[in-house]
Structure formats: C-alpha cells, structure tokens
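Here the protein sequences line up with chains E and U, keeping their order.
1 is the number of the first residue of the first sequence in UniProt numbering; add one for each residue after it.
1 is the number of the first residue of the second sequence in UniProt numbering; add one for each residue after it.
Fair warning: there could be bad hints in the mix.
Below, simulated DSS-like cross-link-like pairs (lysine-lysine); rule was C-alpha separation at most 27 Å, straight line [claimed, not checked]:
no., chain 1, residue 1, chain 2, residue 2
1, E, Lys101, U, Lys33
2, U, Lys117, E, Lys101
3, E, Lys101, U, Lys101
4, E, Lys33, U, Lys101
5, E, Lys33, E, Lys117
6, U, Lys101, E, Lys117
7, U, Lys117, U, Lys23
Pair by pair, the computed Cβ-Cβ distance ranges are [what the hints assert, rightly or not]:
no., chain 1, residue 1, chain 2, residue 2, range
8, E, Ala205, U, Arg151, 38 to 44 Å
9, U, Arg201, E, Asp189, 51 to 57 Å
10, U, Leu43, E, Pro79, 26 to 32 Å
11, U, Glu36, E, Asp56, 21 to 27 Å
12, U, Gly177, E, Ala135, 34 to 40 Å
13, U, Asp77, E, Arg197, 36 to 42 Å
14, E, Arg138, U, Arg138, 39 to 45 Å
15, E, Ala186, U, Val183, 48 to 54 Å
16, E, Ser196, U, Pro46, 26 to 32 Å
17, E, Pro46, U, Met211, 31 to 37 Å
18, U, Leu43, E, Pro46, 36 to 42 Å
Keep in mind the hints are simulated off the structure, nothing from the lab.
All C-beta atoms in this analysis are idealised placements derived from N, C-alpha and C, irrespective of residue type, glycine included.
2 protein chains.
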Amino acid sequence: MRTLYHLPLCPYSRKVRLVLAEKRLPFDLQVEKVWERRPEYLLLNPAATTPTLEEDNGLAVPDSGVICEYLEEAYPDNPLLGETLGERVEVRRLRAWFDGKFADEVTRNLNGEKYLKRISGIGHPDASALRAGYANLREHLHYLGWLAETRKWLAGSHISLADFAAAAHLSVLDFQGDVDWSVSPAARDWYARMKSRPSFRPLLADRVPGMMPPEHYADLDF
Amino acid sequence: MRTLYHLPLCPYSRKVRLVLAEKRLPFDLQVEKVWERRPEYLLLNPAATTPTLEEDNGLAVPDSGVICEYLEEAYPDNPLLGETLGERVEVRRLRAWFDGKFADEVTRNLNGEKYLKRISGIGHPDASALRAGYANLREHLHYLGWLAETRKWLAGSHISLADFAAAAHLSVLDFQGDVDWSVSPAARDWYARMKSRPSFRPLLADRVPGMMPPEHYADLDF
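Generate coordinates for the entire structure from the input sequences, incorporating the hints supplied.
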C-alpha cells in the first residue's frame, strides 16, 4: 500500500494528505520521528524532512512540493494546479507564499516554537518568536481574507493546491488555538468551506499526546 | 522584451538566468532593490522577493521555483526537469535540496550575512552564522561531490534544473571567495563543467560595487 511518512501537526504532511484524499488515492500513514534520523528513512529522504511518499512500485518521493508536482503528473484526475499557464502561475505562487513566506513568518514562530521544540526535546518556546508569529498571522489573515473575498477560491475560480497549502498551515495553528478568526470573517468563511470537505475529516480527528485542540477545532460551523 | 527583475548575487535570480539562457529565451535584466519595496514591483510580486519574470504579454511570474516550472511548461524545448516520473522526482528533489536545505544551512549564513546585510544596510555579519555556514558548506560539498562522482550530472544522465540550482548557489559563494574547492575534487570538476557553458558567461561577468571576486572566479580552468 502507498505509504505517507508524516508528522500529525506538520503542515506539509497535512497538505499532502489533503491532496491524496482529493485525488482519491488510498494511502497508509506512518509517523516518522525525523529527529531520530532512522537510517531506513534517510535512504528514502536524505533531507530527513516530512513528508515522504513511498509508492507501491518502490518510488520514494520526498518533499511536499515535489510530491504535489509528482501527484499531479502521475494522477492527473481532479487537477489541483490549474489549467492555463496563468492559472498555474497563480496556484504555484500562492503555494510558495504559504509554504515559504507564511511558514517563515507565522508557522515557524508558532508551531515550531510550541510543538516541534517540545516533541523533539530541544527546549521551550521563545517569547519574542511567539509575539512575532501572532503579529504576522494577523497580517496574513487579512491577505487571505482579501483573496477569499475577491475570488471564489484563493487562486481563482477553482479549488487548488493554493487552498490546500493555506488550509494545512492554518489547521495546525488552529489545533494549537492560535488563530483569532474574528480578524477576518472572509478568511473564516473560506476555512469553514475547507473544513467541510471530506478530505479534511482525518485531519480534524488527529490527536497528539499532551495537546488538546480548542473546542471549535473540529467544529464545521465554528 | 521579456524582463527579469533580479539581484546580481541572488542565487535564485542566477538560477533563472541560467535556465532562460539554456532555453535560448532572450531577456532584459533589471536590478530590483527589494528592500525599497517599490509599489510597482509589489504589484508584480507581493512577496517582494527576487527574481520576478515579466513576459511580453504582461504575465508576471514571481518566485524562482514558480518561474522554472512555468518556463518548462511554456517553452518545453531543451527540457530541464527530466522525462520519466522518477527522473522528475529526482530533479525536483535536488532542486528543493539546494534551494531549501543548502540555502538555509549555507547560503543564508554566508551570502545572507556578508552580502544581503550590507546592501540592505541592516548591519554586520554575525560570526557564529559564518562559522556554521563554512562548516555546513564542507558537508554539502562532500554530498555534491558524491553525486557528481556517481552520476554524469547531479540528478542523473542529463543536465537538469538540479545542476543549475546547485551551480547558482555555489557561484555566489565562489564570488565571495567562500568555497574551498580542495574539499571535493569531484565537486570542483562538476563546477568547472558548469562554468564552461555559454549560459554561465554573464554570471561570471557580474561585478558588484565594493566587492571583488577572487581571481579564480571567472577562470574556467581553476
């Protein structure tokens, strides 16, 4: 069976789980504690990041960006990258925005400090990083809300990888209770639409030892 | 005329310059001082990063990763992403390796501290970042050398985006005199092959106010 090596609160793993489910591709999940640097895993993915996808034919596909491009080429049904060149630029631009800029400015400061440091045993959250993360998140929610107000989905008229990348990051932050949805009702409405998709259900069922998500986390009508 | 907004010692800009030249696509270069946050540029690329490609038809393509995927789809001649699914995974894996892991561990610590801080006027190099950058660079040169020894090009039997991504990062470090090529003769031989390509000539001619590259920088037989 196709296997995805992942961490439950890794936004990149979550994005790939959403994409696999949207493409109706069955897969097994296996937790990979990358900080243990398991030799068999380093052979699949020398960068020792999550996620890595292992296909039934043995092909190992590391890195969520590489996995999503691979899945689009290998399984073109239910396309998630857009059709025209211009649409594909906008989908990939926003994918890079959330996995790059948003990740650096928000996710690394909040999820990195509160979750990754704890599970890998390397210390306590840094207060100035948390402050920066919360401040940056407000700005990003405004931008996300503006996109959601002016378009049907984030990159245009079709749901795309841009939506799944953004929703994956927001889902881990929401699990930690870090998202003040009152900042942008348009962003909240978009996220409610994302949460109600069947592909999202397994993410909402994730639980992590020692962390309880807020009550609204799995509530589709929050 | 197609325009690439860039910075001369930005590895991402250099990668796109190489790819455009390899695909024989003519373009104008325009320096973009992104820290000035020029409003017209933010319309092309809200993330305010370099590079951004602007096509004659007005399409703005920001982010070097997005640009390279776009160029491969819009101009499939001289393909640089590989043919089979497996080849394309390996090319994109190594592209992500150099633009992600190598960039975080090496380029950010050396180019970021010595060049970006100076041109954007935000301070002096941090000594511990430089030490980490040099130590990491040695490890990465060994990996690069191992790839170059066991394959014709970094990702396999054809030259690809993996080679241009790696060479772009190494070219800015080499400009700064930061690369000890004696660490890996195989890496040096591969880089000599890259430097001798016509697409590389404009990079070797770049000069930056206040910085002089070492004598071997533009020497094809260093």
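Status of each hint after checking the structure:
1. Between Lys101 (chain E) and Lys33 (chain U) the alpha-carbon distance is near 18 Å, which keeps this suggested pair within the 27 Å criterion.
2. With a CA separation close to 19 Å, the supplied pair Lys117 (chain U) and Lys101 (chain E) stays within the 27 Å bound.
3. Distance hint between Lys101 (chain E) and Lys101 (chain U) is fulfilled; the C-alpha atoms sit about 16 Å from each other, no more than 27 Å.
4. With a C-alpha separation of about 18 Å, the suggested pair Lys33 (chain E) and Lys101 (chain U) falls inside the 27 Å cut-off, and the hint holds.
5. Of the supplied pair hints, the one linking Lys33 (chain E) and Lys117 (chain E) holds, its CA atoms being roughly 13 Å apart against a limit of 27 Å.
6. Among the hinted pairs, Lys101 (chain U) with Lys117 (chain E) is consistent with the structure: their alpha-carbon atoms are about 19 Å apart, no more than 27 Å.
7. Restraint check: the Cα-Cα separation between Lys117 (chain U) and Lys23 (chain U) comes to about 33 Å, which exceeds 27 Å; the hinted pair is violated.
8. Against the hinted window of 38 to 44 Å, the Cβ-Cβ separation of Ala205 (chain E) and Arg151 (chain U) comes to about 43 Å, which satisfies the hint.
9. A C-beta distance of roughly 53 Å is found between Arg201 (chain U) and Asp189 (chain E), which places it inside the suggested range of 51 to 57 Å.
10. Hint check: Leu43 (chain U) to Pro79 (chain E), Cβ distance near 28 Å, so the stated range 26 to 32 Å holds.
11. Range check, Glu36 (chain U) to Asp56 (chain E): Cβ separation about 52 Å, and the 21 to 27 Å hint is violated.
12. Taken as a hint, the range 34 to 40 Å holds for the pair Gly177 (chain U) and Ala135 (chain E), whose Cβ atoms sit roughly 38 Å apart.
13. In this structure the supplied range 36 to 42 Å holds for Asp77 (chain U) paired with Arg197 (chain E), their Cβ-Cβ distance being about 39 Å.
14. Between Arg138 (chain E) and Arg138 (chain U), the C-beta spacing of about 41 Å keeps the proposed range 39 to 45 Å intact.
15. In this structure the supplied range 48 to 54 Å holds for Ala186 (chain E) paired with Val183 (chain U), their Cβ-Cβ distance being about 52 Å.
16. A hinted range of 26 to 32 Å for the beta carbons of Ser196 (chain E) and Pro46 (chain U) is consistent with their spacing of about 28 Å.
17. Look at Pro46 (chain E) against Met211 (chain U): about 33 Å separates their beta carbons, and that is inside 31 to 37 Å.
18. One distance hint, 36 to 42 Å for the beta-carbon pair Leu43 (chain U) and Pro46 (chain E), holds here, with the actual separation near 39 Å.
Comparing the model with each earlier hint shows violations of hints 7, 11; every other hint is respected.
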